[in-house]
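Between the sequences and the hints, there should be enough to build the whole structure, so can you do that?
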Amino acid sequence: MATTTTEIEADIHAHDDHNHGPEPGLMRWVKTTNHKDIGYLYMWFAFSMLLIGGAMAMVIRLELLMPGLQYVEPQFFNQMTTMHGLIMVFGAIMPAFVGLANIMIPPMIGGPDMALPRMNNWSFWILPFAGAMLLSTMFMEGGGPAFGWTFYAPLSTTFAPDSTDFFIFAIHMLGFSSIMGAINIIATVMNLRASGMKLMDMPLFVWTWFITAFLLIAAMPVLAGAVTMMLTDRNFGTSFFDAAGGGDPVMFQHIFWFFGHPEVYIMILPAFGIVSQIIPTFARKPLFGYSSMVYATASIAILSFVVWAHHMFLTGMPVAGQMYFMYATILISVPTGVKVFNWVTTMWRGSMSFEIPMMWAVAFVILFTIGGLSGLMLGIVPADIQYHDTYFVVAHFHYVLVTGALFSIIAGVFYWLPKWCGNMFNEKLATIHFWWAVISVNVLFFPMHFLGLAGMPRRIPDYSLQFADFNWIASIGGFAFGLSFILLAYIVVDCIRNGKPVKEARVWESAKGLEWTLPTPAPYHTFTEEPPRELILKESSHSAH
Amino acid sequence: MKEPIAKSFWIKLVCVPVLMFGFAFALVPLYDILCDITGFNGRTTNESYQEVRSSYEIDESRLVSVTFSAAVAAGFPVSFRPEVARMEVVPGKVYTMNYLAENRSNDVVIGQATPSIAPYQAATHFKKLECFCFTRQEFAAKQPVEMPVRFVVEPSLDKNVHNVTLSYNFFRIKPDA
Amino acid sequence: MLNNRFFSTLFKILTLSLLAVPGLAFAEYGLNLPEGVTPISRDIYGLHMTIFWVCVGIAVLVFGVMIYSMINHRKSKGAVASNFHESTTIELVWTIVPLLILIIIAVPATRVLIDLEDTSKADMTVKITGYQWKWQYEYIDAEGEGINFFSNLAQKSRDGIKNAAIRSSDENYLQDVDKRLVLPVDTRVRFLMTSNDVIHSWWIRDFGVKQDANPGFINDAWAYIEKEGVYRGKCTELCGKDHGFMPIVVEVVSKAAYAKWVADEKAAAAAAAASGDREWSMDELMTQGAKVYSTNCAACHGVTGAGVPGAFPAMTGSPIVVDADKIPAHIDIIINGKSGTAMQAFGKQLSDSDIAAVVTYERNAFGNNTGEIVQPAEIKSAR
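Chains as they are written, first to last, in the working numbering: chain F, 735 to 1279; chain X, 909 to 1085; chain L, 2 to 384.
The hints are simulated quantities; they were obtained by calculation from the structure and are not laboratory data.
Predicted model only: the values in this text are computed from it and were never measured.
Fair warning: there could be bad hints in the mix.
Unchecked claim - Below, a list of computed lysine-lysine pairs in the DSS-like style, where the Cα atoms sit at most 27 Å apart:
id, chain 1, residue 1, chain 2, residue 2
1, L, K267, L, K339
2, L, K76, F, K1272
3, L, K180, L, K339
4, L, K228, L, K256
5, L, K381, X, K1050
6, X, K920, F, K932
7, F, K932, X, K915
8, F, K1162, L, K76
9, L, K228, L, K261
10, L, K78, F, K1162
11, X, K1050, L, K261
12, L, K76, F, K1234
13, X, K1067, L, K122
14, L, K267, L, K349
15, L, K76, F, K1237
16, L, K180, L, K292
17, L, K292, L, K381
18, X, K1067, X, K1001
19, X, K1067, X, K1035
20, L, K122, X, K1001
21, L, K327, X, K1050
22, L, K292, L, K327
23, X, K1035, L, K122
24, L, K349, X, K1050
Stated by the list, open to error - Pairwise CB distance ranges (calculated):
id, chain 1, residue 1, chain 2, residue 2, range
25, L, A165, X, Q1051, 52 to 60 Å
26, L, E285, F, T966, 44 to 52 Å
27, L, V81, F, T767, 24 to 32 Å
28, X, V998, L, D124, 51 to 59 Å
29, F, V806, L, T305, 15 to 23 Å
30, F, T966, L, F85, 54 to 62 Å
31, X, N1068, L, W54, 27 to 35 Å
32, L, A272, X, L1008, 20 to 28 Å
The C-beta atom is built at its ideal place from N, Cα and C for all residues, glycine as well.
As structure tokens, this is what we get:
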């Protein structure tokens, strides 16, 4: 994988005609401190992880195609669901967003590069090793982690295979990488922003990432703490989570979700940012309610730290606790709703055209809203009794993470790809790909709502006969959705290698933002001279002019 | 383009993750405190209620049904059960009941019982004056023992709570631990 | 096969499209929650439908505006973009209106939540203990006091996992057990939940009861079942390898039938205790042992005794199973389990004769032909 990515990457930069271009050869990628190089590395890493995690999802859907155990054993199936979740969360979605931040934040704020280029290199290069270590557990005796991506104790402590210690170390490394990436983003936004750009002039993608970075440095260490406690429980005789020594397995869930709920927003806030960049461009209208978008993002971030126990309504919780967490949870739908209303109002009385990035952004708004509404249903404690740990939950979080986070990443890639490589992608193929993916993803996930209500629990390798039809439909949708990524890979590689060159700096005629004032393809070094305030105001996507 | 990043800014930025890592561990005692206050997860304090509170007003107007439950973890060769399954108690009065245990193996084994109360509303109102769960228990080989629990249900227990369950889980403790 | 599948799928899709019509075709095809048979499950159902329609309303409104705008405000239709991008009034409205909607939802939700926490007097108590991968039911008071049994996946379902012919003839595939939890109708039943190993979760949709079973701690839930019948559920918390294979079946019967069931259970328990007092032949032990092994041991140690390397030890050639001087250790590990592993204590789950049978079976099957016989009396003295 590494070699092919490198070739493709090298190819992108063959177009560079800058004086101090990149160092030739492979070592460029190992030693690079250039924000775009590192960003591209993140993106390719995320895409390869997406394919690996996706292949695991295919195994899951294949086994669930029909009742009975046909292809894999239950223990392996559990490894698949666990690794699929871990890889998609920590290997695909998070690195892809960090990659987009790396590539786009400096040009969006008129800066030259990231503030901490050497740390940037380090935080990327930890990832492949952490990912490899995580994947290697599957080949160890006893198999890899099979306790779900939430790794609840004691299944993940007393009852787990020996490979769990490697899993813990991999999580530590992934967390370390994320924290460094987040520190870098905060430092960049605070220090390398053009002096003419005030905080409230920043594009929303920068804002949402800035807030996400704070969530990351606050939440990831808690996860590190949780896995450290697991490690000492497993190996050094402590009993944080073991009732036998005075510990409590439910406490693991509290600590995990204290990280886990902010994590959910770490994976969706940057998505809000991307969509808030794309919709005004193709509606040819300034973003509606810029400042309320910023405040809504900040309030979602703050609320995300006080709702964690809504994942654990059924662990045995006092009614006062259930009420508090229910109210706090459904309260989050207010700022989230504000965002959706703002997007819709941005479209209202605009002059819309539906280029590929806009199509993905519209799909995001509709499908993410469906996921948000099922989230509202899940927040209601008595109803959650019936939904909890069923396919209804699976449907819910795939709507917000696949058609939410992942769709926004695809939208962002199509939006910025011509700027990165200087070529336009094949729009005909991209249109086919869009409809293929959007239809199949709904065939895949929509029936899961019914499966959940009909009583099918999550994380089971086999099911009773009344679930057969919907599982069959979901699996067919799953295979089709999985295949769509092959086409996506082809479209992207084809664009980089053979795409029609784009001459205009402003790839999309009505796009606003400093990144569109740079030549196409983007030069190896971003702003070497600070853009003046007039330009910043003129390019602000949210001010009238 | 701007001034170099101030050192204090770095220190602050790095402090956040370090503090949050510590916070994860601080959650452990915080969680215990929360459990003690709310009876969350049916946890009771493992400490004896030293003085018999003679100041309790005995509430003869109602009876609370207390169910006793017992469980033994895997690898602990001791049979363990309550002498009676259920008792009707008057809030404010002190009662004693026995759990019966017998080590079936030919070795001395050490165990620790962890108590748990359901529903959680009762956890903070169920006081144990004397309990085998306060300390580790050593069981001689093939030796039946009676283990008493002295307890009182506080009259302050919510009037709507009619059933309280006291459950013990016995775990084996390795001698060196 | 494919044709059938195709038509039934088509049928489902048609049914789905009918969903737009309120209340149509909901329950029959398993598209929605059932109302259930307890006051709580009915309340939950009502709440579920309320929030569902609120969500549908919000979706129709938001998507309606959006789609209208997408059709009419496009560049290709000559739409000219306006330039408005702020309005405090409208932003206030769409902060306050959703808040009001939330309050409208929160009021009935809070009411149901408080009903759920009802702690009034229970008529009977059943303690439910989750094991990897079965449930133990103990009737700890009232007329059934002392009844205590384990409920495993039914053998027919187990056989059907890898056999399509058996599976297709088993209408309750993966949702049948070898012994059902029997409860009387119109009775306030309190459930106490705990676990012997990892976290499990006990769920019967028709009762509106789902509660985690945490090792070392006890949780409670209750149900007042108003209708006789057979109700099925599943474990809903991932609990290891066979998480998908530990169903729950509750049979709710009339009070008279329940009294008879209790009497039968007590008589059967006495008979089982007596069966341990006689000598068993090798053939008897092997036949019974194979049955016990398949239900209780095969999930981990494998049907062929090969185990799972790194996770579950093999039976074939294992010293504890083949060495003659290790018979007491073999019996001990079955009765008491092994701490810190998935090997649970079977002492309470199996009778003397069952343990004797399975020990004999393990020592003579899988190529371990030791020829050793263990009698129920030896188990009795080892307890």
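Outcome of the hint check:
Of the supplied pair hints, the one linking K267/L and K339/L is violated, its CA atoms being roughly 30 Å apart against a limit of 27 Å. For the given pair, K76/L sits about 23 Å from K1272/F by alpha-carbon distance, which is consistent with the 27 Å threshold. For the suggested pair K180/L and K339/L, the alpha carbons sit about 26 Å apart, so the restraint of at most 27 Å is met. Of the pairs offered as hints, the one joining K228/L and K256/L holds, with about 12 Å between alpha carbons and a cut-off of 27 Å not exceeded.
Proposed proximity of K381/L and K1050/X is supported: the alpha carbons are some 14 Å apart, at most 27 Å. For a cut-off of 27 Å, the pair hint linking K920/X to K932/F stands: about 22 Å separates their Cα positions. Under the criterion of a C-alpha separation no larger than 27 Å, the hint pairing K932/F with K915/X is consistent with the structure, at around 22 Å. Pair hint K1162/F plus K76/L holds up; C-alpha atoms about 20 Å apart against a cutoff of 27 Å.
For the hint linking K228/L to K261/L, the alpha-carbon distance of about 18 Å falls within 27 Å, and the restraint holds. Pair hint K78/L plus K1162/F holds up; C-alpha atoms about 22 Å apart against a cutoff of 27 Å. Taking the CA atoms of K1050/X and K261/L, the gap is about 38 Å. The hint is violated against a cut of 27 Å. Between the alpha carbons of K76/L and K1234/F the distance comes to roughly 24 Å, so the proposed pair stays at or under 27 Å and holds.
A distance of roughly 11 Å separates the Cα atoms of K1067/X and K122/L; the hinted pair therefore holds under the 27 Å criterion. For the hint pairing K267/L with K349/L, the CA-to-CA distance comes to about 16 Å; that is within 27 Å, so the pair holds. Distance restraint check for K76/L and K1237/F: the Cα-Cα separation of roughly 23 Å lies within the 27 Å cut-off, and the hinted pair is therefore satisfied. Among the hinted pairs, K180/L with K292/L is consistent with the structure: their alpha-carbon atoms are about 15 Å apart, no more than 27 Å.
Proposed proximity of K292/L and K381/L is supported: the alpha carbons are some 20 Å apart, at most 27 Å. For the suggested pair K1067/X and K1001/X, the alpha carbons sit about 16 Å apart, so the restraint of at most 27 Å is met. With a C-alpha separation of about 17 Å, the suggested pair K1067/X and K1035/X falls inside the 27 Å cut-off, and the hint holds. At roughly 20 Å between alpha-carbon atoms, K122/L and K1001/X fall within 27 Å of each other, so this suggested pair holds.
Restraint check: the Cα-Cα separation between K327/L and K1050/X comes to about 20 Å, which is no more than 27 Å; the hinted pair holds. Simply put, K292/L and K327/L have alpha-carbon atoms about 23 Å apart, close enough for the 27 Å limit, and the pair holds. With a C-alpha separation of about 21 Å, the suggested pairing of K1035/X with K122/L holds against the 27 Å cut-off. With a C-alpha separation of about 18 Å, the suggested pair K349/L and K1050/X falls inside the 27 Å cut-off, and the hint holds.
Between A165/L and Q1051/X the Cβ separation comes to about 55 Å, which falls inside the hinted range of 52 to 60 Å. Look at E285/L against T966/F: about 50 Å separates their beta carbons, and that is inside 44 to 52 Å. For the pair V81/L and T767/F, the beta carbons lie near 46 Å from each other, so the given range of 24 to 32 Å is not met. A hinted range of 51 to 59 Å is violated for the C-beta pair V998/X and D124/L, which are about 21 Å apart.
Taking 15 to 23 Å as the suggested C-beta distance range, the pair V806/F and T305/L conforms, at roughly 18 Å. In this structure the supplied range 54 to 62 Å holds for T966/F paired with F85/L, their Cβ-Cβ distance being about 58 Å. Range check, N1068/X to W54/L: about 33 Å between beta-carbon atoms, so the 27 to 35 Å window is met. Taking the beta carbon of each, A272/L and L1008/X are about 25 Å apart, inside 20 to 28 Å as hinted.
Violated hints, listed in ascending order, are 1, 11, 27, 28; each of the other numbered hints is respected by the structure.
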